[in-house]
Structures are given as structure tokens and as C-alpha cells.
Amino acid sequence: MAATNRTGIVPYLQAAPLALVFLLFLVVPLAFIVVVSFWTYDNYQIQPAFTVQNYADVFDRCIARLPTLCTTFRTYVSTLGFALRVWVLTLLIGFAIAYFLAFEVRSKAIQSVLFLICTIPFWTSNVIRMISWIPLLGREGLVNRTLMGLGVVDQPVEWLLYSGFSVTLTFVHLFTFFMVVPIYNSMLRIDRSLIEAARDAGASGWQILWNVVVPLSKTGIAIGSIFVLTIVMGDFVTVGLMGGQQIASVGKTIQTEISYLQFPIAAANAVVLLATVLLIVFALLRVVDIRKEL
Amino acid sequence: MGDKRSRAFWPLAIFFSLFVLFLYGPTLTVLILSFQGPEGGLTFPMNGVSTHWFGVLWQGLGVVDVWAAFGRSFRLGLVVTVLTVVISVLAGLAFRRRFRGSTLLFYTAIASLILPSIAVSLGIALEFRIFDDFVKAYGLGGAGYQSSMGLFTSALGAHLTWTLPFGLLVMFAVFNRFDPAYEEAARDLGATPRQTFRYVVLPIIAPYLVGVALFGFTLSWDEIARTSQAVGGPNTLPLELQGLTTTVTTPAIYALGTLTTAVSFLVIALTLGTGLFLRARRMRGASDAGKGTL
Chain L
1 MAATNRTGIV PYLQAAPLAL VFLLFLVVPL AFIVVVSFWT YDNYQIQPAF
51 TVQNYADVFD RCIARLPTLC TTFRTYVSTL GFALRVWVLT LLIGFAIAYF
101 LAFEVRSKAI QSVLFLICTI PFWTSNVIRM ISWIPLLGRE GLVNRTLMGL
151 GVVDQPVEWL LYSGFSVTLT FVHLFTFFMV VPIYNSMLRI DRSLIEAARD
201 AGASGWQILW NVVVPLSKTG IAIGSIFVLT IVMGDFVTVG LMGGQQIASV
251 GKTIQTEISY LQFPIAAANA VVLLATVLLI VFALLRVVDI RKEL
Chain H
1 MGDKRSRAFW PLAIFFSLFV LFLYGPTLTV LILSFQGPEG GLTFPMNGVS
51 THWFGVLWQG LGVVDVWAAF GRSFRLGLVV TVLTVVISVL AGLAFRRRFR
101 GSTLLFYTAI ASLILPSIAV SLGIALEFRI FDDFVKAYGL GGAGYQSSMG
151 LFTSALGAHL TWTLPFGLLV MFAVFNRFDP AYEEAARDLG ATPRQTFRYV
201 VLPIIAPYLV GVALFGFTLS WDEIARTSQA VGGPNTLPLE LQGLTTTVTT
251 PAIYALGTLT TAVSFLVIAL TLGTGLFLRA RRMRGASDAG KGTL
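Taken in sequence, the protein lines are chains L and H. Mapping to the working numbering: the first sequence position 138 is 138, numbers consecutive. Mapping to the working numbering: the second sequence position 176 is 176, numbers consecutive.
Hint data in this document are derived by calculation from the structure and do not stem from the laboratory. Please note that a few of the clues may not be correct.
Stated by the list, open to error - Covered stretches of chain L (chain H as the covering partner; in silico rule of three or more C-beta atoms under 8 angstroms from a C-beta of chain H):
no., region
1, 19 to 28
2, 55 to 61
3, 186 to 193
4, 233 to 243
5, 249 to 256
Said to hold, decoys possible - Residues on chain L that point at chain H, a partial pick, calculated with CB under 10 angstroms:
no., residue
6, Ala15
7, Ile33
8, Ala49
9, Ile120
10, Ser125
11, Arg139
12, Asp154
13, Val277
Stated by the list, open to error - Selected chain H positions facing chain L (Cβ under 10 angstroms, derived; list incomplete):
no., residue
14, Arg7
15, Tyr24
16, Leu31
17, Ala125
18, Asp222
Glycine included, each C-beta is placed from N, C-alpha and C at the ideal position.
With these hints in hand, go ahead and build the complete structure from the sequences.
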């Protein structure tokens with residue numbers, strides 16, 4: 001665009017509403033979290049102050065009691081455990097689905113339709129998709145009835161619902177979408193002649209997959225991983241509902257503190273969570289430059 | 001690539017089918033169970049077929065006014081949709097040129113997408129609380145002043161932090177493929193920038209704006225995590241639904257699930273239909289070659 005080398009005021013005006021929304025509802029709120037995490041509180045009021053007491057409360061005797069884990073560390077270990085399990089599962093499933101769509105389905109039209117089929121559930125309610133597991137996994141649910149009918153078990157299996165299992169299953173159910181889309185997007189851009197070249201050079205199917213397809217899908221894998229890991233790290237809805245309110249997570253801890261109006265300590269916990277999430281994101285961004293890929 | 005299907009095709013096709021079953025199966029059970037007979041329970045078997053539970057839902061579920069929540073979520077969804085489309089298009093246009101702070105704004109949008117919702121929600125709640133305290137302390141809001149938090153202030157902002165990044169990413173995808181030659185042609189023919197946008201750019205991007213609208217409405221319609229702490233007074237439908245999952249132990253909850261899913265699907269079908277219609281119309285009107293000049 002030779003005519004518009006001079007930037008002018010127009011792009012600023014066009015970007016202003018977006019910038020304003022993020023300033024008002026993201027940047028300032030995050031700043032308030034950091035500020036309030038140093039405040040004090042009594043029963044109903046938060047008071048401006050500068051104290052590190054909230055952080056001391058979050059990490060209460062965490063170092064002194066090692067190797068026994070304090071509540072905060074235990075919660076983080078549990079949440080990170082979920083994040084890791086869900087990440088591995090969504091990555092494997094998401095990669096396989098994206099590979100099938102991008103490389104095995106020949107017709108462009110069918111490709112689009114199948115892709116749409118995978119994305120439509122994303123546009124429906126997560127809570128509905130969560131509770132829809134209850135008639136399947138409950139004590140009287142379809143899975144238990146089938147297992148007992150087949151004589152595999154005598155007693156209903158208890159760990160199917162309101163357990164770590166149902167939480168992991170629901171995460172995978174809800175968030176594999178976030179893996180499929182970016183990986184599929186990366187795979188569509190892979191030049192097909194590279195694969196032909198590899199085949200002509202005598203590479204086996206697995207070798208092509210590992211040495212050509214996987215490296216070239218790296219961006220998609222990284223973007224999907226960022227989404228899945230950050231969502232699971234901050235989740236409180238899924239863990240609460242599918243864990244029967246019995247399983248701890250960092251997000252749930254913050255939510256509970258807010259419900260008791262302990263805003264400063266909730267803010268301190270949120271700061272620690274944000275730091276953890278940003279650490280994960282920066283680690284993954286070392287692998288890939290997102291801006292270059294758009 | 002050979003004409004023969006690769007050996008991986010059928011295993012992957014089966015895997016894909018199972019994945020689709022996994023995606024849709026549970027939701028289908030909710031759909032079926034919402035037509036449970038009056039004596040039936042939360043799980044299979046079906047105890048007759050009826051619309052009894054939709055009747056129960058129609059009368060309202062206990063203390064919760066489901067229909068008021070339905071209306072609130074719908075109105076909020078519409079406002080979020082309009083704002084998401086307008087702000088995303090403007091920002092999309094801005095990002096076609098390099099401007100100061102564009103990288104920062106882009107990364108803010110990405111941050112908005114991946115930062116834990118509980119933290120964003122807490123931040124917005126704190127922001128509005130502190131604002132309220134300030135207003136009350138200086139008596140700026142008059143005697144009856146309660147809170148500035150509400151559906152169309154804090155909750156709207158919380159929703160926009162979630163929908164706008166998606167809208168922006170869609171606009172990036174659109175403008176990356178947009179051929180500036182159309183605009184240059186319009187300019188050469190003497191169109192003003194406003195005319196160029198209205199008669200050239202807008203018709204070309206219209207089908208994709210429908211996609212942005214789809215993200216705007218459905219993401220708002222189902223949003224829980226960011227709304228949870230920022231909603232202020234009356235809850236949105238997903239929040240009520242989340243609460244009801246623990247208190248309502250009849251298939252009426254599935255009826256509500258079926259209903260909200262139906263709204264989602266209706267919106268998806270409408271928008272995809274509109275998108276296809278706009279594209280078809282554009283294709284029809286795209287070229288008048290060979291049609292004569294009279």
C-alpha cells in the first residue's frame with residue numbers, strides 16, 4: 001500500500017475502542033489485583049495499606065514444613081497434575097483428529113464439514129456439557145448399569161463421577177477443541193510436496209510424521225498447549241461441578257476466598273496464579289512466535 | 001500422494017467417529033432424558049415419554065426466576081454481539097497498518113484470552129468495588145447510590161474481554177487474505193474512504209462478520225467464569241444453571257439444558273445460514289463478465 005505510508009490518526013481512532021475496553025476491563029483490574037494484594041481487610045471492608053501479610057498467609061509455613069506440603073503447595077500440585085494429564089490427552093487426541101482432517105480427508109468440502117462438526121459443541125454451554133455426563137457416569141448411570149449387566153463388577157463403580165477421573169474426562173471433552181483448531185491450521189499450511197519428497201527419499205510413514213509433520217505443526221501445538229494449560233490452571237467451574245466440590249484447585253481457592261469477602265488474600269492468590277500461568281506461557285513462547293503465524 | 005488411501009485412513013476415520021460420538025453423545029443423552037416421563041428420574045431408563053419437565057420448567061424452578069435470567073442473558077448477549085462486531089472490525093482495519101503500540105495491543109488481546117478468568121473476574125469486581133467506595137465516600141452518587149456493578153457495566157466488560165480476542169483473531173484471518181487491489185481500484189475510480197469501506201470492503205468481509213457475531217453471542221450466552229464475580233446483582237442464565245445443578249434433582253434441569261442448547265444451535269444455524277447466503281450473493285454479483293452491458 002504505497003499511498004498510505006504516512007500512518008496518520010485513523011488507525012489510532014480505529015484501535016481506540018478495543019484499547020479502551022482492555023484498559024478498563026483487563027489492565028486496570030489486573031493492576032487493582034496487584035495493589036489490593038498488599039491491602040488489609042476486616043469483616044466487610046478492604047483497607048488501603050502496604051502489608052505482605054496476605055502473601056505470608058498464602059504460603060503459611062510452606063517452606064518450614066517441607067517436605068510435607070502445605071495447603072497451597074498441595075493445591076498447586078493437584079492443579080498442575082490435572083493440567084499435565086489434560087494437556088497430554090488433548091494433545092494426543094487433538095493431533096490425531098487434526099492430522100486426519102488435514103491429511104487423510106481428500107475433499108475440501110468434506111474437510112470443512114467435519115471441521116465444523118468438531119467446533120459446533122464449542123459454541124454450546126459448558127455447564128450443559130458437564131452435567132450431561134451425570135446420567136452416564138453416576139451410580140445408577142449407563143456405564144455402571146452396563147458394567148453390572150455384563151457382570152464385570154458387582155457394585156457400582158464409585159470413582160466414575162465426582163472424582164479426579166470425571167474432572168479429567170470433562171476437561172478433555174470441553175477443551176480438545178483448543179488443540180484441534182490451531183494444529184489443524186498449522187497442518188493446512190504444510191507444503192504437501194515436502195511429504196512427497198520425504199517419501200521419495202525413502203522415509204517410512206512414522207518417520208514422515210515425526211520428522212516432517214510434527215516439526216511443521218509446532219506452532220499449532222504450542223498455541224493449543226498454551227490455551228489448554230492456562231484454562232485448566234485457572235479453572236474452578238469444571239473442578240467444582242465435576243469434582244462434587246470435593247477437589248481442590250487454585251481457582252476454587254480464590255473463588256472461596258472471594259465468597260468470604262477476603263479480597264486481599266484472594267488477590268494475593270490471584271497474583272501467584274497469574275505469575276504461574278505467565279511462567280508457563282513464556283516457556284511455551286520460547287518455542288514459537290505467535291505473531292509471525294497469523 | 002498416491003490415489004490409494006493410506007493405511008492410516010481407516011484407523012483414523014474410526015478414531016474420528018469415536019471422537020465425534022464422545023463430543024455429541026453426552027449432550028444427546030441430556031436431550032433424550034429431558035423428555036423423561038413424569039415418574040422418571042435423572043438417569044435411564046426412560047419412564048415413558050412426555051414434555052412434562054418442560055411444563056415444570058415453564059412454571060419456574062423454585063426460588064430462581066429462570067425466565068428473567070433467560071431474558072437477561074439474551075439481552076446481554078445481543079449487546080455483546082453488536083459491540084464485538086463493531087469493535088473487532090474497527091480494530092481489524094487498524095491492524096492492517098503499522099501503528100505505535102500495535103504490538104502491545106495485540107499481546108494485550110492475547111493476554112485477555114489466556115489469563116485465568118477467575119483473576120480477570122476478581123479484578124473487575126475489585127475495580128467496581130473501589131469505585132463504589134470512592135463514590136460513596138465523596139457522596140457523588142446521591143443518597144440512593146448502591147453500586148455501579150451490574151449486567152451492562154461490569155458483566156458486559158467481563159464478557160467483552162472474552163469475546164473481543166476471538167473477534168480480533170477472526171478479523172486478522174480475514175484481512176490477511178484481503179486483496180488491497182479492490183480498495184485501490186475503488187480509490188482510483190474516485191471513491192472516498194467512507195465509500196470504499198461501505199461499498200467495497202464491507203460487502204467482501206460481511207460473511208466473516210457473521211462469524212464474529214457468532215463468537216460474540218455464543219461465548220456471551222454460555223459465559224460463567226468471568227461473569228461469576230463481576231455480575232453484581234441478578235445472575236445470568238449459565239450462572240443460575242450452575243447453581244441449579246446442585247439444588248434441582250429432577251429432569252427439569254435437563255429440560256433447561258435442552259432449551260439453552262436449542263438457543264445455541266438456533267443461533268449457530270442462523271448465523272451459518274446467513275454467512276452462506278451472503279457469500280452466495282457475493283459470488284452471484286461478483287462478476288458481470290459475459291452478461292452484456294445493458
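Cross-check of the supplied hints:
1. 19 to 28: Check passed, 8 qualifying residues.
2. 55 to 61: violated (count 0)
3. 186 to 193: Since three or more residues must qualify, the claim that chain H covers the region 186 to 193 of chain L is violated, with 1 doing so at under 8 angstroms.
4. 233 to 243: holds (count 6)
5. 249 to 256: Coverage by chain H holds here, the residue count being 3 at a Cβ distance below 8 angstroms.
6. Ala15: holds (4 angstroms)
7. Ile33: OK, holds: Ile33/L within 10 angstroms of chain H, min 5 angstroms.
8. Ala49: violated (14 angstroms)
9. Ile120: holds (6 angstroms)
10. Ser125: The hint holds - Ser125/L has a Cβ within 10 angstroms of chain H, the shortest such distance being about 4 angstroms.
11. Arg139: holds (9 angstroms)
12. Asp154: Violated. Min distance 19 angstroms.
13. Val277: Holds. Min distance 6 angstroms.
14. Arg7: holds (7 angstroms)
15. Tyr24: holds (7 angstroms)
16. Leu31: holds (9 angstroms)
17. Ala125: This interface hint holds because 7 angstroms falls under the 10 angstroms limit.
18. Asp222: Holds, about 4 angstroms.
When each numbered hint is compared with the structure, violations occur for hints 2, 3, 8, 12.
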